[in-house]
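Two chains, two frames, some hints: make the complex.
What follows is each chain in one-letter form.
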Amino acid sequence: MKNEFYALLILVILLPLTACNKSEKASAINESDYSGPPVKNDWMISWLSANPDTLNPVLNTDGYATQIFPLVFDTLLFWDAMTGKPTGRLAESWKISDSGLEYDFFIRKNAKFHDGSPVTAEDVKFSFDLIKDPKVDAAHIQNYFQSLKKVEVIGPYQVRFYLSESYFRHLIMLGLYEVLPKHIYAKGDFNTLPQNRAPVGSGPYILEKWDQGRSIELKRNPDYWGLSVPEWKDSYNFERIIFRIIMEESVAAMALKKGEIDILSPNPNQYVKDFVGPEFESKYYRLKYSTPDGNGFRFIGWNLQRKMFQSKKVRQALAMLLPREEINKKMYKELMTLSVGPLPQGSPKLDPSIKPIPYDQEAALKLLKEEGWTDSDGDGLLDKAGQPFKFEILFTAQSDEVERIALIYREALRRAGIQMDLKALEWTVFLKDITEGNFDTHMMAWGSSLDSDPYQIWHSSQSVKGGSNRIHYKNERVDEILTIARTTLDETKRNKLYQEFSRILAEEAPYVFVFERPNLLVASKRFRGVLPIGVLGPDGDKFFTPPGLELYGKLEAQ
Amino acid sequence: MRFLKQIPKLAWISGSFVFLFVLLTICAPWIANNAETGHFFPLVKFGPETADIFETEFLAAPDQVHLMGTDYVGRDVFARLVHGISNSLYFSLAVVAICLILGTIIGGIMGFFGGWIDLVLSRVMEIIGNFPIFLLQLTLLAFLSQGYGVLLFVMTLAGWIPYCRFVRAEFFKLRNQEFVLAAKALGASRTRIFFRHLLPNSLTPVIIYVPFDLSSTIISLGALSFLGFGEPINVASLGELLKQAKDHFLDAWWLAVFPGGALFLMTLSFSLFGASIRDLLDPRYSD
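In order, the protein sequences belong to chains A and B.
With this note's numbering applied, the first sequence corresponds to residues 984 to 1541, in that order.
With this note's numbering applied, the second sequence corresponds to residues 1210 to 1496, in that order.
Just so you know, these hints were derived from the structure itself, not from any lab.
Quick caveat, the model's predicted, so the values are computed rather than measured.
Glycine included, every Cβ here is placed at the ideal spot set by N, Cα and C.
Covered, in the sense of this in silico footprint (three residues per stretch, anywhere, with C-beta under 8 angstroms from a C-beta of chain A), are these stretches of chain B:
1. 1256-1262
2. 1275-1283
3. 1351-1363
4. 1454-1463
Same shape as in the complex, but just chain B (with noise of 0.2 angstroms):
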């Protein structure tokens, strides 16, 4: 218990919202969905796809039958909104993902071997680290056909820079440190070094770097998104939503505070969590 209590309160302030927007994530088809199944789920009864063209209104301001107003084609902005937070949080965690395995195989393999690997994968991860990636990415995106697994790769394609770069150094740390020496003179296979000694060992920076990626990835989502590059047309994304504000931010600010706020909301509390356990798990940045 005391060491909960050494907890900051921004901690579990931002930890809460963490888990409601996962909870969130995980909820949205009983939270918005057009299935007409369950007297109390989903809540809302619209889906984020479908467009009720000759129901309602389109950009309608919110009410009580649509709590975030329509959109341009007269979409249930709160249904989009929820799987737009869904769908954002999904995808970034497939692409953080992707990017950590990546990234520490690669960096371990530099680090654990050095030589002539780590020289030219070194340089590899310069050319691609010092390119104006998101530029890179909208070329990609405008030329390649718009779906997810572009996308995954167009936002992977440069991510995986900075885990290598932490595995790698803490590689170069430790394998000359006594129990890796020790391990070696007991006779433990290379694979064995590697995996049991080496890299638990490393890990920690790469866990404190993931919330920080998260929220840039989530960021960097919508941006392609807003950009017209971003997921498939008609997929629900926050992006997308922002996009449309762009046109209509004088008559439906609905489209702009909602999914602004969310990614604001969004960004902000990874961010902090990220800062917090960083704070908990580095003794250099206690006070």
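Extracted from the complex, chain A is given alone in its bound form (with noise of 0.2 angstroms):
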């Protein structure tokens, strides 16, 4: 799991170009109803939820610039979107020591940076030893690379990485890392240099344009090095990417409905209130899909540092009293899946035995009662030891989703005789009083990332200030799966122990978890490439327009 917050706003602006594996039936579209080469004159127009606050991918913590890096730097390899395996990009191939701790990259010998030089062993040493240097804002990221112990170059085009533990996540963490220029970022202060600005990189988008809040326009690289790899011949078909910085939800659906955007990730409110209707579908494609690691999870969880929280059988009956079903009914036109753990059903890492706790206050008040919890004084508050059962829950302000979900258990929970009280905060506050574990319970979500490694929420070494683990969830034995799954690197005997782990949370009910996030997306018809959708995802990188449909390039002729 990527650094909550980072992981939280990826949530939000989840990008094409990321992860997926089955479409909605329903839209049915003719891939066939053209001819001819993709034009190569035409603009994508995309959204951004808000202004990034620099363009450097190694020091930006915002997430909201994701789309872009992609677009502008080269990362040693890549995720094939179609299918979800690991690809070559500035690397031609790569080798990894049986001991699991070195690995090689063997660097393209025709890969070019914006500026016409030649990529080389020295940029991929200089752009991760950033990291580690203590004048570089990289705080963030330093986590995750603490076993990385040195970056070797043994030629100009081979670069070795050193580790201090094999780790199932490594080649996903030095794969998917951007390589800057050496000869340009090594110049002056790195936190301040120009180039925060203005990106210079080595991939098929040059930054044009950031009118600061407004937009950020990226032009084709003309030079491109990688068109000539022949399996990306038909790729980058766009000249220009824009995207649009609107901060309100409702404002960017009304300039994507009005053409103004071309593309974008709905959050499922959205999804099923403001893009439905044949018109919408006749114009916009309108995909729900599903990626091995999903989209993330909506969960509550209890501070188990709380006493009343620290009994099983009040979780999974505190779980029992969330109306999930009706949430999903009323408020998401059953759109949504519920959740049953930190990972998406489906998944091999999940037992599939394990069934979503249905809404059952019947059952929850048996087993409060088994716990002590009756209505002694008859005030209808459930009571034990003379204490009601009252409690507070936080969540941030910044979506009604959230708050409407608060609302919603708060009900449920009056019904059966429990108060709680909700407490709606900036994200700041709210950040420090659950690191701080000055919270009773809280509302939040997780992102996910490819092959996430559930290790920085629930080990119980991670309930430290700054880990993941705000709940202090502490199991033995789920801490014993944890350490071991990291150094598993076969895949088939770490999911059994996930499915293990997996099936140890669902009995001890830390979290309500709550939904899953459904990967979604709207976009115009007039792209084709859409579809099919792959492992992780719609390609954006292959997505084009057929001649006749294009929109912006005739604009510029005239």
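Below, the structure written as structure tokens:
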């Protein structure tokens, strides 16, 4: 799992270039109703929900620019959206030593930065060395690269990474890290370089204009080295990719409907409310797809340092009191999947026998009674040893979805004789409170990443300040599983371990796992190549406009 | 009776609206409540805070059961509207009352003593008065915990200043007039002069300002709730309904129309009522 802050934001703005595998049958688009080669001068207009603070991938902490980095920069590897397998980008090939502690990457000799200079092993070493450089503000990613001991240049086009332990996510971490040109980024103070606003990489697009708070415009790199690679010949078909920055979701939805935005990843609320109707579907792809790692999940996490939440039965009862089916029906029109754990249903890491917990007030009250919670003084509130069942839930004020779920949960709890007070906070205040353990319970969402590792959220060593185990969950078997799984490179064995882990979590109910966040995408039907959807989602690099349907290239020609 | 005839029509209309809103405010618990008592009262059997999560649809359009539809978690909009009006009027009255008392006392002290006390307090007043107060309120509310106490503090932060200015100016004007000098010469104590002679004679502008202040306080309370910084979450308020309307303006018009209309009517009638009182009391404004 990525840094939670990062992850939450990715959730909101998930890009077409990340992840998926089954498409909704509803939108049957005839892929063959065009002929001729893709038009090369159309534009694609996308949406950013906020102005990123920097376009330097090493320094960026807000996550808003994650859609832009893969277009401007290249990484050593990429995960092919169609197959879901690692594929070489800057690296022509790679080799992992038997011990799993040494990774060698062989860089393509024709790879060039935007200024024409070649990409070499020196640039790769420079980019990775930045993480450990005390002068660089990269604390937010240092955690993930703690086991990276040394980067060594073996030859001009060969680089070797030395790691202190074997870990199944190492290839992902090393492979998906942006390579920066040393001769440009090594000059001056890295944190304040002008290139942080005008990035120089080796990717298929070049930053043309950054109109602060309004838009970021990318132009195709005409000399992109990758076009000589046969598999990528049909990629990067848009002359410009423009990201419009619109803070308000409903305004972005309107802009899409007016045709001012071509593509965006809506939140579930918008998807069922704003992007519906035959007219809409005649003009736009409306896709919901699943990916092996999902798109994260929403949860309610109990502070296990509070006495009332330390009982497993109480937590199970509280989980039974959330009417998720009702919420799904009335708020989401059945779009959501009830979550059973930190991973999406169908994931090989999840025990398929685990079923979602249904709303059941009677069973919940029975469990609570067994634990001694009854309404002994007749005031309508459950109590135990003179203490009423009363607690407070924290959440962030920014989304109306969270507020609605909290209000509904509050009402359902009230009917069972439990008082839950709501407290909506600004993000910074919220984060401070939950990292300091200053909460009874909180509602939040975790994003997901490729082959995510639950270690950071569930291992007891992570319940320190700054760690992500904020509920102070501790289970010896879970600790053991998570530690072994990290170094288990065999996927089947690892999945077995995670299945056991998921069974323990389902039994112990440290979180109420609310909903899985579906991967959603809305895109103009002018584009082709959106379908079929690959294992990791639609392949944004391969989208194109067939002749006659282009919107923007023509305008410019006039 | 001749006096009554002199009152313009506008004052009658705005006055009756003000009366209506006050009545609504006081009677809110009898108008909409989910307590199962009485045959006739409450008129509407829905409480403002209880969501009918299982019984009703969310964002259902107005019908015979839910006169103004339901909100995004199935609460009755009419009940929330009535209690929202009630809450905002009670709260605004509290804010205005505190501002009035605070402003009058401080302004009185400044005007009565003058000198360095006046000088120091005037500077304090200028500093607070020149702050972008709405932004300050938002910042404070974002970092302090939600609740009526904090909200009251934040909203009275600068609200006393106009009252203070009025009272101070009146005191300055009055304190050298013959009746005050006469009282002094007769050996009246300072307290007596302050409370019996100066204060009652300086309250006219303060009283005139109250309805205007009330209407602007209702608006700013609405604005704060709209931004999610107002009343504690779940408490019925007009701003909160409008906040919901912002996200659902295409699919739930009733969330925007009713609370928006209520807020408009409320502030308009208070302002017009204030204007009418001013015209009646102040000879300079009458034509």
